[in-house]
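Asks: With the hints as extra help, turn the sequences into a complete structure.
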Amino acid sequence: MHRYDPSQLVLLSWRCWCLSWYSSNRITSLR
Numbered sequence: 006m007h008r009y010d011p012s013q014l015v016l017l018s019w020r021c022w023c024l025s026w027y028s029s030n031r032i033t034s035l036r
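Just so you know, we're using my numbering here: the sequence shown kicks off at 6 and counts up by one.
A few of these clues could be false.
Said to hold, decoys possible - So the derived label-pair ranges between C-beta atoms look like this:
#, residue 1, residue 2, range
1, 29, 9, 23 to 33 Å
2, 35, 8, 38 to 48 Å
3, 8, 34, 36 to 46 Å
It should be emphasised that the hints constitute simulated quantities derived from the structure, not laboratory data.
Even glycine gets a Cβ: it sits at the ideal position worked out from N, Cα and C.
Replies: Following this line, the structure appears as C-alpha cells:
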C-alpha cells in the first residue's frame, strides 16, 4: 500500500478547505 506523508496529507486537507472556502465566498459575493 502507498503511504502518504504527513505533510502531503496536510497540504491536501488545506487545499480542500481553501477550495471550499473560496467557493463559499464566491457564492456569497454573487448574491
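Asks: Could you run down the list of hints and mark each one as holding or not?
Replies: Hint-by-hint comparison with the structure:
For residue 29 and residue 9, the hinted distance range of 23 to 33 Å is satisfied, since their beta carbons lie about 27 Å from each other. Look at residue 35 against residue 8: about 41 Å separates their beta carbons, and that is inside 38 to 48 Å. In this structure the supplied range 36 to 46 Å holds for residue 8 paired with residue 34, their Cβ-Cβ distance being about 40 Å.
Violated hints for the displayed structure: none, as all numbered hints are satisfied.
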